[in-house]
Amino acid sequence: MKKHQNLILVGTWELIREKDKQFEIIQFRTGLKKITDFMLEQDLKLTASSYAFHYWFKQQEQRLIIYSFDKGTFHITQRQPTEYTILKQTVTQIHQAIESNLFYACPTEKCELCPFKSICRQKNKVGSEK
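Residues are numbered in the numbering used here as their position in the sequence shown, beginning at 1, plus a constant of 79.
Rather than coming from a laboratory, the hints here were simulated on the basis of the structure.
Model, not experiment: these values are computed from the prediction.
Idealized CB from N, CA, C, for every residue including glycine.
One or more of the hints may lead you astray.
[To be verified] Straight-line Cα separation of at most 30 Å, DSS-like style, residue types lysine-lysine; simulated pairs: (1) Lys124 with Lys112; (2) Lys112 with Lys98; (3) Lys167 with Lys112; (4) Lys167 with Lys196.
[Stated by the list, open to error] With beta-carbon atoms standing in for the labels, derived distance ranges: (5) Thr187 with Lys137: 37 to 43 Å; (6) Asp149 with Ser179: 35 to 41 Å; (7) Lys124 with Lys150: 30 to 36 Å; (8) Cys190 with Arg96: 34 to 40 Å; (9) Gln141 with Phe107: 14 to 20 Å.
Required output: the full structure, derived from the provided sequences and hints.
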């Protein structure tokens with residue numbers, strides 16, 4: 080497999096707030112799913128937001144915040160450089176899987192809304208025919 084050094088992630092920050100000369104990156108969430116400590120620490124979108132902020136502004140944000148519209152609550156975390164390494168490895172592995180035409184199904188209730196469901200269903204049928 081080829082190693083790809085120049086992968087580019089594209090996205091937006093929902094809100095960057097400067098407060099007392101410190102920066103906070105805020106993401107807004109909706110839905111009834113409870114935000115757990117595990118989810119907060121493992122969230123790749125938060126890690127990517129932190130990494131992009133560090134990359135573009137050459138400084139570290141002081142807080143990453145998820146604000147839940149539904150519950151009116153917020154959760155605070157931070158990211159360390161080791162987590163940026165994990166992010167880069169994860170993105171590279173996902174890219175390699177896509178290039179190798181490897182797709183893994185993770186069925187949820189959102190499958191009906193997925194624009195790739197026809198491809199996913201085709202992949203799932205391979206090997207199941209008798």
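Here is how each hint holds up against the structure:
1. Lys124 with Lys112: holds, 16 Å
2. Lys112 with Lys98: holds, 29 Å
3. Lys167 with Lys112: holds, 27 Å
4. Lys167 with Lys196: It holds: about 27 Å lies between the C-alpha atoms, which stays within 30 Å.
5. Thr187 with Lys137: 37 to 43 Å: Once the Cβ atoms are compared, 38 Å apart, the range 37 to 43 Å for Lys137 and Thr187 holds.
6. Asp149 with Ser179: 35 to 41 Å: Cβ of Asp149 to Cβ of Ser179: about 38 Å, so the range 35 to 41 Å holds.
7. Lys124 with Lys150: 30 to 36 Å: violated, 19 Å
8. Cys190 with Arg96: 34 to 40 Å: 35 Å Cβ-Cβ, so the 34 to 40 Å window holds.
9. Gln141 with Phe107: 14 to 20 Å: holds, 19 Å
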